[in-house]
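Asks: Each chain, letter by letter, is given below.
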Amino acid sequence: MRQELNLRGNAALLAGANPLSKLAAVVLITVVLALSIDWVSASVALFFELLLFPLAGLTLALLWQRGWPLILAAAVGGWSTSILAPDSGRTLIDAGIWTMSEGSLETGVGFLLRGLAIALPAILLVSCTDPTDLADALAQKARLPHRFVLGTLAAMRLVGLMAEEWQTIGMARRARGVGSRGSVLQRLKATLGQSFGLLVQAIRRASRLAVTMEARGFGGGPRTWARESTYTLLDAWVLAGGLAMAGLAVTAAVTAGTWNMVWAGN
Amino acid sequence: MPAPSHAAAPRTVRPATVTARGWGWRHAGRTTPAVHALDLDISPGERVLLLGPSGAGKSTLLHALAGVLGDADDDGEAGESDETGSLLVDGGPPRGQRGRAGLMQQDPETQVVLSRVGDDVAFGAENLAVPRDAIWPRVHEALADVGLSHLPLDHPTSALSGGQKQRLALAGILAMRPGLILLDEPTANLDPAGVLEVRDAVARCLDKTGATLVVVEHRVSVWKDLVDRIVVLQPGSGANPAVLLDGPPDRVLAEARTMLTAAGVWVPGYVPSTRGRAAEQAPGAGGLLLAAENLGVSRQRPRRMGLRKVPPVPVQEGIIAQVRAGQALAVTGPNGAGKSTFALTLAGLLEPVNGTVSATTDLSRGAGITPYQWKAEQLIERIGTVFQEPEHQFVTGKVLDELLFGPRHLGHGEDRVDELLERLRLTHLVDANPYTLSGGEKRRLSVATVLAASPQVLVLDEPTFGQDANTWAELASFLSELLDAGTAVVSVTHDAEFTAALGGTELKLAAAEAVAP
Numbered sequence: 001m002r003q004e005l006n007l008r009g010n011a012a013l014l015a016g017a018n019p020l021s022k023l024a025a026v027v028l029i030t031v032v033l034a035l036s037i038d039w040v041s042a043s044v045a046l047f048f049e050l051l052l053f054p055l056a057g058l059t060l061a062l063l064w065q066r067g068w069p070l071i072l073a074a075a076v077g078g079w080s081t082s083i084l085a086p087d088s089g090r091t092l093i094d095a096g097i098w099t100m101s102e103g104s105l106e107t108g109v110g111f112l113l114r115g116l117a118i119a120l121p122a123i124l125l126v127s128c129t130d131p132t133d134l135a136d137a138l139a140q141k142a143r144l145p146h147r148f149v150l151g152t153l154a155a156m157r158l159v160g161l162m163a164e165e166w167q168t169i170g171m172a173r174r175a176r177g178v179g180s181r182g183s184v185l186q187r188l189k190a191t192l193g194q195s196f197g198l199l200v201q202a203i204r205r206a207s208r209l210a211v212t213m214e215a216r217g218f219g220g221g222p223r224t225w226a227r228e229s230t231y232t233l234l235d236a237w238v239l240a241g242g243l244a245m246a247g248l249a250v251t252a253a254v255t256a257g258t259w260n261m262v263w264a265g266n
Numbered sequence: 267m268p269a270p271s272h273a274a275a276p277r278t279v280r281p282a283t284v285t286a287r288g289w290g291w292r293h294a295g296r297t298t299p300a301v302h303a304l305d306l307d308i309s310p311g312e313r314v315l316l317l318g319p320s321g322a323g324k325s326t327l328l329h330a331l332a333g334v335l336g337d338a339d340d341d342g343e344a345g346e347s348d349e350t351g352s353l354l355v356d357g358g359p360p361r362g363q364r365g366r367a368g369l370m371q372q373d374p375e376t377q378v379v380l381s382r383v384g385d386d387v388a389f390g391a392e393n394l395a396v397p398r399d400a401i402w403p404r405v406h407e408a409l410a411d412v413g414l415s416h417l418p419l420d421h422p423t424s425a426l427s428g429g430q431k432q433r434l435a436l437a438g439i440l441a442m443r444p445g446l447i448l449l450d451e452p453t454a455n456l457d458p459a460g461v462l463e464v465r466d467a468v469a470r471c472l473d474k475t476g477a478t479l480v481v482v483e484h485r486v487s488v489w490k491d492l493v494d495r496i497v498v499l500q501p502g503s504g505a506n507p508a509v510l511l512d513g514p515p516d517r518v519l520a521e522a523r524t525m526l527t528a529a530g531v532w533v534p535g536y537v538p539s540t541r542g543r544a545a546e547q548a549p550g551a552g553g554l555l556l557a558a559e560n561l562g563v564s565r566q567r568p569r570r571m572g573l574r575k576v577p578p579v580p581v582q583e584g585i586i587a588q589v590r591a592g593q594a595l596a597v598t599g600p601n602g603a604g605k606s607t608f609a610l611t612l613a614g615l616l617e618p619v620n621g622t623v624s625a626t627t628d629l630s631r632g633a634g635i636t637p638y639q640w641k642a643e644q645l646i647e648r649i650g651t652v653f654q655e656p657e658h659q660f661v662t663g664k665v666l667d668e669l670l671f672g673p674r675h676l677g678h679g680e681d682r683v684d685e686l687l688e689r690l691r692l693t694h695l696v697d698a699n700p701y702t703l704s705g706g707e708k709r710r711l712s713v714a715t716v717l718a719a720s721p722q723v724l725v726l727d728e729p730t731f732g733q734d735a736n737t738w739a740e741l742a743s744f745l746s747e748l749l750d751a752g753t754a755v756v757s758v759t760h761d762a763e764f765t766a767a768l769g770g771t772e773l774k775l776a777a778a779e780a781v782a783p
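Chains as they are written, first to last, in our numbering: chain A, 1 to 266; chain B, 267 to 783.
Hints should not be assumed to be uniformly reliable.
What the hints assert, rightly or not - List of simulated lysine-lysine pairs, DSS-like, C-alpha gap at most 30 angstroms:
{"#": "1", "chain 1": "B", "residue 1": "K708", "chain 2": "B", "residue 2": "K774"}
{"#": "2", "chain 1": "B", "residue 1": "K490", "chain 2": "B", "residue 2": "K474"}
{"#": "3", "chain 1": "B", "residue 1": "K490", "chain 2": "B", "residue 2": "K575"}
{"#": "4", "chain 1": "B", "residue 1": "K575", "chain 2": "A", "residue 2": "K189"}
{"#": "5", "chain 1": "B", "residue 1": "K490", "chain 2": "B", "residue 2": "K708"}
{"#": "6", "chain 1": "A", "residue 1": "K189", "chain 2": "B", "residue 2": "K708"}
{"#": "7", "chain 1": "B", "residue 1": "K575", "chain 2": "B", "residue 2": "K641"}
{"#": "8", "chain 1": "B", "residue 1": "K641", "chain 2": "B", "residue 2": "K664"}
{"#": "9", "chain 1": "A", "residue 1": "K189", "chain 2": "B", "residue 2": "K641"}
{"#": "10", "chain 1": "B", "residue 1": "K664", "chain 2": "B", "residue 2": "K708"}
{"#": "11", "chain 1": "A", "residue 1": "K189", "chain 2": "B", "residue 2": "K664"}
Since the hints were made in silico from the structure, they are not lab data.
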């Protein structure tokens with residue numbers, strides 16, 4: 001987990017863009033795709049997102065490694081939608097209460113594509129954005145309070161540590177005779193105890209880290225930034241790209257007549 | 267950016283003065299003060315080692331000097347912390363002087379703030395509003411001073427060793443150009459190589475900057491030649507002043523040797539005496555209990571790559587070891603060699619990556635050959651493991667319940683608890699919350715709780731780390747008794763004196779090859 005958050009060595013073009021412009025582009029695409037369940041807008045967006053992979057230094061293998069739960073979830077969602085959505089058109093499968101028709105299959109595929117198209121921009125963003133750079137941009141460009149931004153950033157580093165600590169506490173408790181195997185109730189009890197142990201350690205670590213930060217002069221006063229967060233021409237392209245992708249997806253869907261606002265019903 | 271040559275750099279640091287007059291501090295919610303009636307003068311550029319038993323308020327004093335004690339916006343309610351007298355840095359209260367003092371604490375993980383080396387060093391300077399153009403030269407200089415200039419600025423801080431993390435923290439402090447450097451047991455969590463790494467870096471930086479130093483540490487021999495004064499504190503109360511002794515290192519150590527050893531301070535040249543083994547055992551004597559054959563170990567679980575399970579890359583492979591009744595096995599080797607990982611695998615807590623850990627019938631008694639597959643209740647009466655951090659193993663809110671936990675689960679052995687309480691001097695603490703005990707008490711408790719289940723094999727991970735000399739000696743003596751009684755003891759340790767005290771065989775693991783993440 002800690003290695004995956006580290007972007008050292010990612011020399012891809014988009015790694016050099018300002019995190020804020022990337023964030024804005026991602027939000028734009030995600031919002032537009034969230035508006036409609038149809039396969040045209042989703043597949044157009046998905047097509048462009050796949051084209052962006054090399055620019056973000058992402059490969060299909062890496063995507064599967066990091067994003068497989070999301071991809072599986074999208075697939076399961078698509079499958080169950082095809083079975084459960086109201087039927088229309090020719091019936092393709094009929095297994096008692098489960099039926100899949102042309103209409104419900106289309107809704108299901110739309111659901112699957114949309115799930116992927118919404119998840120991918122976020123994965124793209126994470127794979128080419130360093131958390132420290134994002135914090136710099138949020139504090140310097142978006143003018144969020146630095147106490148909050150840097151505090152969150154430092155805490156995030158502890159999250160990786162806590163993942164290791166969770167494993168250690170699990171072993172330490174097994175060495176005390178607390179089984180993580182057994183009935184559901186026993187396992188639930190063991191997990192609760194382990195969570196409490198982790199919570200205690202998290203609080204200890206957090207308060208020590210807070211002392212470290214305070215002793216290094218961290219507080220509400222004015223501060224300077226060793227790394228300047230800047231916008232370049234690339235950021236204009238990132239924003240334009242985001243706008244273009246969102247626009248193309250909507251236009252294609254409206255032209256094809258599949259645009260289907262989520263709250264407008266069927 | 268080229269590193270500036272600093273040989274000719276002018277001294278950019280003005281060393282700080284410390285003045286305490288009848289200073290006292292009581293933490294919120296406590297009835298007795300942590301420090302009471304402290305009178306102390308430290309002149310600019312002096313280097314002071316603070317000694318004293320636990321509870322003498324050494325850490326409290328350092329936190330106060332760093333200006334991080336309590337909140338500045340305390341409104342003096344009842345139950346809040348309470349300050350008496352005055353404690354001044356350069357004639358003013360420390361709290362208002364950001365960056366005048368730099369503090370390093372014990373736990374390396376919490377001394378690092380950011381995830382890239384360069385950013386972390388720059389953090390303090392940024393907070394002091396140093397202009398951007400001046401920050402990076404300071405970062406390069408500080409990294410060179412602590413001997414980390416070979417690392418690229420974007421090197422991930424998570425990839426550093428404990429000693430490197432502490433040196434990085436020192437660099438972060440130096441980049442603020444403080445006049446007062448405060449070290450709170452900076453090497454307690456480090457292996458011997460890391461201890462010297464950090465000590466030498468501190469020495470170099472002090473020679474260069476001339477800053478004032480106050481260091482708290484149990485191991486006097488490490489710091490003795492670097493400091494020019496030792497101050498011994500005592501728990502203050504009533505008429506007793508906080509400072510017990512104060513003077514040049516040799517004189518204080520000569521005058522107070524008996525008192526300091528009694529307080530568990532590691533005075534140079536002093537190894538506490540421990541109980542010897544009843545009879546030195548020939549290697550191979552004692553029944554075989556547990557054997558590792560061509561064992562490969564890793565802390566990582568098999569990784570999921572999509573739906574495929576990929577086994578982790580072992581940190582150490584081909585380990586062969588035998589654990590015999592009544593015999594000690596010391597696992598030694600440099601940091602990162604996988605010593606703890608091996609011990610945890612041997613103890614049935616981690617799954618072997620390859621090779622086997624197998625229990626003989628003397629140990630398994632019907633539970634199966636592979637310890638990793640035993641149920642937790644089966645494990646604890648066969649192999650007991652004491653973790654490096656005692657708090658990881660606390661499962662109840664009371665010392666007595668903690669000890670009774672194992673026996674209650676097993677349904678037998680509750681009668682042994684009283685003996686353990688007595689033997690490990692925990693009887694007066696039965697109603698205390700385990701988390702509130704001192705470091706030495708926590709260590710003794712964690713050993714007692716594991717032994718309450720009467721395991722035939724005891725595995726200890728760095729049992730002597732950060733322990734004072736008294737706890738150290740008690741532990742070594744107690745383990746030698748256990749060995750004589752037929753328990754097998756496996757200890758992962760850097761501590762040569764501890765290994766010598768227990769005898770037995772040594773398993774030396776070589777440094778693991780660097781494996782790319």
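Asks: For every hint, state whether the structure bears it out.
Replies: Taking the hints in turn, this is what the structure says about them:
1. This hinted pair checks out: K708 of chain B and K774 of chain B have alpha carbons roughly 28 angstroms apart, not beyond 30 angstroms.
2. Note on K490 of chain B and K474 of chain B: the hinted pairing holds, with a Cα-Cα distance of about 19 angstroms set against a maximum of 30 angstroms.
3. For a cut-off of 30 angstroms, the pair hint linking K490 of chain B to K575 of chain B is broken: about 53 angstroms separates their Cα positions.
4. Of the pairs offered as hints, the one joining K575 of chain B and K189 of chain A holds, with about 28 angstroms between alpha carbons and a cut-off of 30 angstroms not exceeded.
5. Annotation: proposed proximity of K490 of chain B to K708 of chain B holds, straight-line Cα distance about 28 angstroms (limit 30 angstroms).
6. Of the pairs offered as hints, the one joining K189 of chain A and K708 of chain B holds, with about 24 angstroms between alpha carbons and a cut-off of 30 angstroms not exceeded.
7. Distance restraint check for K575 of chain B and K641 of chain B: the Cα-Cα separation of roughly 24 angstroms lies within the 30 angstroms cut-off, and the hinted pair is therefore satisfied.
8. The hinted pair formed by K641 of chain B and K664 of chain B meets the criterion: a straight-line CA distance of about 25 angstroms does not exceed 30 angstroms.
9. Taking the CA atoms of K189 of chain A and K641 of chain B, the gap is near 16 angstroms; set against the 30 angstroms cutoff, the hint holds.
10. Restraint check for K664 of chain B and K708 of chain B: the C-alpha separation of about 12 angstroms stays at or below 30 angstroms, so the hint holds.
11. Proposed proximity of K189 of chain A and K664 of chain B is supported: the alpha carbons are some 19 angstroms apart, at most 30 angstroms.
Hint 3 from the earlier list is the only one contradicted by this structure; the remaining hints agree with it.
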